[in-house]
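Chemist: The residues making up each chain are set out below.
Protein chains: 2
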Amino acid sequence: MAESTYPMLAVETALAIVLEQAAPLAPMRTALAAAHRHILAEAVHAAKPLPPFPASVKDGYAVVASDGPGVYPVIGEVTAGRIADFAVQPGTVAYITTGAPLPTGADAVVMVEETEELSTATQHNEDATSVGQRQVRIQARVSAGADVRPIGYDVAVGQEVLPAGAYLGAAEIGLLATIGAAEVSVYPAPRVAILSTGDELVEADAPLNPGQIHDSNRPTLAAAVEALGGVVVDLGIAGDAPAAIESAVERGLTEADILLTSGGVSMGNLDLLKPLLDRTGFVHFGRLRMKPGKPCTFATVERNGRRKLIFALPGNPVSSLVTFYLLGAPALRKLAGWPNPRLTRVQVCLSQPLRLDPYRPEYHRATVRWEMSLHEGRGALLADSTGNQASSRLLSMRSANALLELPQGEGVLEAGATVTALLIGDVV
Amino acid sequence: MAESTYPMLAVETALAIVLEQAAPLAPMRTALAAAHRHILAEAVHAAKPLPPFPASVKDGYAVVASDGPGVYPVIGEVTAGRIADFAVQPGTVAYITTGAPLPTGADAVVMVEETEELSTATQHNEDATSVGQRQVRIQARVSAGADVRPIGYDVAVGQEVLPAGAYLGAAEIGLLATIGAAEVSVYPAPRVAILSTGDELVEADAPLNPGQIHDSNRPTLAAAVEALGGVVVDLGIAGDAPAAIESAVERGLTEADILLTSGGVSMGNLDLLKPLLDRTGFVHFGRLRMKPGKPCTFATVERNGRRKLIFALPGNPVSSLVTFYLLGAPALRKLAGWPNPRLTRVQVCLSQPLRLDPYRPEYHRATVRWEMSLHEGRGALLADSTGNQASSRLLSMRSANALLELPQGEGVLEAGATVTALLIGDVV
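Chains as they are written, first to last, in our numbering: chain A, 1 to 428; chain B, 1 to 428.
Extracted from the complex, chain A is given alone in its bound form (with noise of 0.2 Å):
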């Protein structure tokens, strides 16, 4: 089947196949600091209770809120990370720091603020039995609970701290450490393999014969992937000759979740993956309506009872980029278990008119970033496209942080024009 017989597919539908074959991957047990930046594959609900025990909010004095202001003896003190062993009857108080447990027989906290300390010499001696002699003179009446934080506050024994699918940022981190789960479930960052073909193709660092290039869709499309949290596995360049290239797709499928290939412009992507599918494998598309890019083919391929995706990206480096961006980054998502692993959709406002193709929808790139003073005051995101958008041209990337979705059509769309736009970089 010649590449050029397969439909011309709209990129949305070809997402949409993408996202239908990809699933996540197996979930695994992970200590905490391992877990970040992955997606939870099972809700976890909190063991035991936050604060474990009544805990003061304030330096002050821990008080039976009845007795109401007034002369007291401090009859002991309590700091953080110790249990008192004395209990506070009615007329008495004890000092106390912010964090500390409540002792028993107190119900609420005066803050320092609101006392008089009578007794200098022995503040802050830990030796409770030398502080027989302390007086506080109390000045706020406080209702039984004032500043202190009940068990359970924060955090409520069997409460659901975290859903199934939330992502493990620095909060979730946090979170789960504050509730003893040393441990959680997530799903695994997919594993990336990443080859390029093509007899021109030399390393950055190597000189260039006559006719050569410097390969960059491989540099390029591994950082993609790291910023993704996928884990690249580098299968280097294969050069044009069948045999080498079939070995190194081989070594991908094996080791890893996702097939990236681009280049392979002296032999058509199809060919190159004959040999796979002449065994177990499923050409989905081999087409896209877009620009750039229109040459992308995905497949899947059954290996060790994982299916295993492939992508043959476009040879130009900003087509093999975009394209990535578009349907691989969100296959990457959804084996690492997003719930939604779509590009994040914005509207932003054209800084510039933009001439549409009469052809192809275009992913035109653009650096996003928010206007104060547009739309009335309430702002907005403004679009500052990267110039020259040649497929060749990696330039047109530079400091893109947007793919504007130009529909395919005539004429011009003007300065001030609003269009949705998919996020492929931070907003700064």
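Worth double-checking, as some hints may not be accurate.
Because identical chains share one entry, a pair is satisfied inside a single copy or across any pair of copies.
[Stated by the list, open to error] Here are the simulated lysine to aspartate or glutamate pairs, EDC-like style, with alpha carbons at most 20 Å apart:
id	residue 1	residue 2
1	291	405
2	291	147
3	58	384
4	58	117
5	58	116
6	294	147
7	291	59
8	48	203
9	48	205
10	294	59
11	291	12
12	58	113
13	294	113
14	294	114
15	58	107
By construction, these hints were calculated from the structure, which means they are not laboratory data. Bear in mind that the values here come from a model prediction, so they are computed numbers and not experimental data.
Given the coordinates of chain A, assemble chain B onto it according to the supplied hints.
Modeler: Below, chain B without anything else, positioned relative to chain A:
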């Protein structure tokens, strides 16, 4: 000097002080693969043009454009990575593949779809001597330069490919690879030492004795630092013993560029820093006018000829993370060479009413997402509060990707109101 005698600083003022004290680290030369996610310290110019030869954009025939349509002998083939050992004379053509160097004499390419092969047996044969009999009908009239990328079309010799200060994402790594910049000068990743203090703290995987809680600040801050590209130096939990704290702090100052401490609930932050300040240190501020996270000390000391930044963060989990994002994250980025190290500020639309705090500006945690239908179909960022904003309650950071900047004031901001927000995570 007691903590409470420091003036309450506005966060913006404090940030200006922090950024004045933070200076970019000394740049280093690094291999390209290790430069990903760093900031470029020196502009990079192209030493060679790209493409380095006139390259065919299509599979087709290299022709002399002025020959025009007609039947021509195919005098050879040229594929990517090889230089033709023949010249194309007027009245002859050569088969050429995408990316291959245009042979001497030819000045344009006619794509294969505009041609008709007249002899079929030996097509694509790499042995040039046996293709002498091939003929092709050229059906299109093309201009000189058609479907040829001239030398330097994508990148000219001497062109600035990336300016100093550029963030090296996937596309930028690819750009550097494509011009053969195998080593570049970047700012190193700042090293950030993290210490928790407090006798009540134990690790997430340790059992809780009465009065103890799990340390969450250190894992939280470590993840936040890593997400920002920093390298974590884990100083562990020091308890409240001054000697243990001092030796941990000393190690942090020796091994790292930034020191983050949190906790110290039973001893003041300034007590902790006193041993340092007695020598070469200086405390720049001790309190912030903000909610959450009022107590926050920022100090600098000189060590090994470098200025080290010290943030003594509040002990409450939310306060420590929020103050880290507001002050520590921009400091980290400044050291890492970011030209604009501040968090991105956007405007968001409130999905629900929010009560203002009459005493302090509040950094209210929220989940922000793009809502297409807002603002007459131009879309806007819609902010959902994460709920109960108690500063002990790390749950209020869950899924938070923004800090809403709520002004100090009376009353309520209504749903639909626009407020500014600082982004602390991806908009998804």
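Chemist: Please work out whether the CA atoms of residue 291 and residue 12 approach to 20 Å or closer within one copy, between two copies, in both situations, or in neither?
Modeler: Classified as within: same-chain Cα gap 14 Å, cross-chain 44 Å, threshold 20 Å.
Chemist: At most 20 Å between alpha carbons: which applies to residue 291 and residue 147, within, between, both or neither?
Modeler: between (62 Å within a copy, 17 Å between copies)
Chemist: As a check of your reading, is residue 48 near residue 203 (CA-CA no more than 20 Å) within one copy, between copies, both or neither?
Modeler: Between. Shortest inter-copy distance 15 Å satisfies the 20 Å Cα cut-off; intra-copy 55 Å does not.
Chemist: Treating 20 Å as the Cα threshold, decide for residue 291 and residue 405: within, between, both or neither.
Modeler: The answer is within: 10 Å in one copy meets 20 Å, while 40 Å across copies does not.
Chemist: Have a look at residue 58 and residue 107 and pick one of within, between, both or neither, based on CA distance no larger than 20 Å.
Modeler: within (14 Å within a copy, 82 Å between copies)
Chemist: Please sort residue 294 with residue 59 into within, between, both or neither, judging by C-alpha distance up to 20 Å.
Modeler: between (67 Å within a copy, 15 Å between copies)
Chemist: Which holds for residue 58 with residue 117 at a C-alpha limit of 20 Å: within a copy, between copies, both or neither?
Modeler: For residue 58 and residue 117, the Cα distance is within 20 Å only inside one copy (16 Å; across copies 88 Å).
Chemist: With 20 Å as the alpha-carbon cut-off, assign the pair residue 58 and residue 384 to within, between, both or neither.
Modeler: Neither way: residue 58 and residue 384 sit 51 Å apart in one copy and 30 Å across, limit 20 Å.
Chemist: Can you tell me if residue 294 and residue 113 fall within 20 Å by alpha carbon in one copy, between copies, both or neither?
Modeler: between (71 Å within a copy, 16 Å between copies)
Chemist: What label fits residue 58 with residue 113 when the C-alpha limit is 20 Å: within, between, both, or neither?
Modeler: So residue 58 and residue 113 pass the 20 Å test inside one copy only (10 Å; across, 80 Å).
Chemist: Indicate which option fits the pair residue 294, residue 114 if close means a Cα-Cα distance not exceeding 20 Å: within, between, both or neither.
Modeler: between (73 Å within a copy, 19 Å between copies)
Chemist: Treating 20 Å as the Cα threshold, decide for residue 48 and residue 205: within, between, both or neither.
Modeler: between (56 Å within a copy, 13 Å between copies)
When held up to the earlier numbered hints, the structure conflicts with hint 3 and nothing else.
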